[in-house]
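The listed protein sequences derive, respectively, from chains A and B. First residue of the first sequence: 1, per the working numbering; consecutive thereafter. First residue of the second sequence: 135, per the working numbering; consecutive thereafter.
Keep in mind the hints are simulated off the structure, nothing from the lab. Here the structure is a predicted model, which is why all the values come from computation and not from measurement. Even for Gly, the Cβ is constructed at its ideal location relative to N, Cα and C. There could be a bad hint or two in this list.
Some chain B residues near chain A, calculated using beta-carbon distances under 10 angstroms [said to hold, decoys possible]: (1) Glu338; (2) Gly384; (3) Ala507; (4) Val599; (5) Ile617; (6) Arg688; (7) Ile699.
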Amino acid sequence: MSSERKIRVLIAKPGLDGHDRGAKVIARAFRDAGFEVIYTGLRQTPEMIVSAAIQEDVDAIGLSCLSGAHMHLFPKVMELLKAKGVEDILVFGGGTIPDEDISKLKACGVAQVYTPGASTQDAIAFVRENLTRK
Amino acid sequence: MTFDPEELKRLEQEKARWEQQTLGSHLERAPERSDPFTTVSGKAIRRLYTPLDVPNLDYQEDLGFPGEYPFTRGVQPTMYRGRFWTMRQYSGFGSAEETNRRYRYLLEQGQMGLSVAFHLPTLMGYDSDHPMAAGEVGKCGAAIDSLQDMEVLLRGLPLDKVTTSMTITSTAAVAWAMYIAVCEQMGIAYDRIGGTLQNDILKEYIAQKEYIFPLQPSIRLVTDTIVFGSRHFPKWNTISISGYHIREAGATALQELAFTIADGITYVEEGIRAGLDVDEFAPRLSFFWDIHNDLFEEIAKFRAARRMWARLMRERFKAKSPRSWILRTHSQTAGVSLTAQQPYVNIARVALQALAGVLGGTQSLHTNSMDEAYALPTQEAVTIALRTQQVIAHETGVTNTVDPLAGSYFVEALTNEMEEGALEYLRRIQELGGMVRAIELGFPQQEIANSAYAYQRAVEREEKVIVGVNRFVDEREQRPIPILSIDEALQQQQVERLALLRKSRDKDRWNRAMDALRAAALGNDPWGKDLLMPKILEAVKAYATVGEIIGLLREVWGEYTELNII
């Protein structure tokens, strides 16, 4: 019998934003797809998210932000991960995020960014294919 | 007036004959599409509606005349033949100065009322210099830290002529106090200040999640504003009981209706518990609905809501004034229905949703802008959204008669089913011990999360078609629309403004005001003589900031921690 470790994903809501529909839907979709999902709940600082990710030993982090503060919060998470020497966690994000910000977020290490209308199945496939942790 | 039972029996036979003779052979030759015929909320819709679907419809009892009980046909006798709904675009971004310019522009373009969007730190009770505000300043609304900012926001606006809606809840009392203080500076008497405070804290725990304090002190603060308003502000709606955010979070139309009415019931009960007569405050309760894609489902929801509320207020709460029976509502097209793909198509979605709101009989309307799946709207996008309302008002002719869809077997059947379904939810909530208890148990939150997930799955399985998303996808698509961006320097400006304010204000007055507020918050005589609102008003006038006032209340009352439901 295979006792393969499930892929662990942290779904996180950084900042003051309370729009949690997307985060919850994505959390549930990952869970239904066989992932181990940890949902942080609302109003997390980047520090709290990074420390949860390390403590929970996750393979991927999904950041959700619909307040427009993504350009501050997402890079901050990347920066803190780097400072902690964690460079093998796959980070992806979603929210109301303009195209020109998406390229900037990718440049600072966010692997993929999803906007309204994105499919949960695409996100799941992306995470499976792009995991960097062995 | 009802249908004659003999007639109905004959009709039933005729319908059976039609099904056999005409429909049967037609279906053999030309079967129906295989799509599920359901509303956007997943409710099954029949092929054909006839009087057999509304056999007990009693015109006088169930519909009545507009402006009269049970208000199914509308809250005014002439509806839009008298005056149009208030075209009220919710807006606010960046600094108070920028938002003030947008308000002046919108009024010049024919907008009829103001609607203030505050940035998240204000909504959550943090000043712009708080660490939690980092990156959020001015992003999803105007940065308002103190009365000083509010003075700039409202500078030169005709507050004696237009009404103002403020979309703010946990910190609503503070924003209202600031608005009152500015009106005082302008010399406008309390009884001439008109507007609406969102102030619906229950929906925050259920859906929007901008809660701060635990449930009980939060409800106390809301009730405090209702009592204060009923004493001094006859033209102010102290609460806008909101289905909008419940729907946006994933609820079906039916759940939106049911949970919102359940919240309304709670506020009425609290007002009565605070010692008010129901007719003293019920006329100032207002509502706020979402308008999603399904035209008839939305129209039915509006009509059912008015009838349910009228019946509840008259029968359950024994309100005597017809004004207490009336459900007046603002409405807004569904932000969640807008797509990032092919964004110009959103203009069509918004127009159809707005049409449903008008056919449903709304008193006030916000139309979303096509670019809102990306960011706050640009001025061009907002102008198209406002023009959409003007087209409906002036060009389509739907405003020429009152409640034009009444008597449609389909619309009346849907209206009945909407009311029956919502009453069933109300019974379940009652069994759980009322809405506050239901929220503590996570009941509405879980129902909404389930609906949101079911909807997403239906879209991904293509059981629901969304143009440009899962059908008619344009692979070559470029997204050429302009996007509003907020100046990152704003945060620093607000921080400097706050530092200056804290240095220059009258410290003794500030101290006295904050001490008095603390004593009132600690006091356990909430609705007696010692209301919080006058204390908050004085603190605001002493230029205490939002963060200071809410910070003090946080110390006294603590913070809410939510159940993590996915």
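Out of the numbered hints, which ones does the structure contradict? Result: hints 4 and 6 break, sorted rising.
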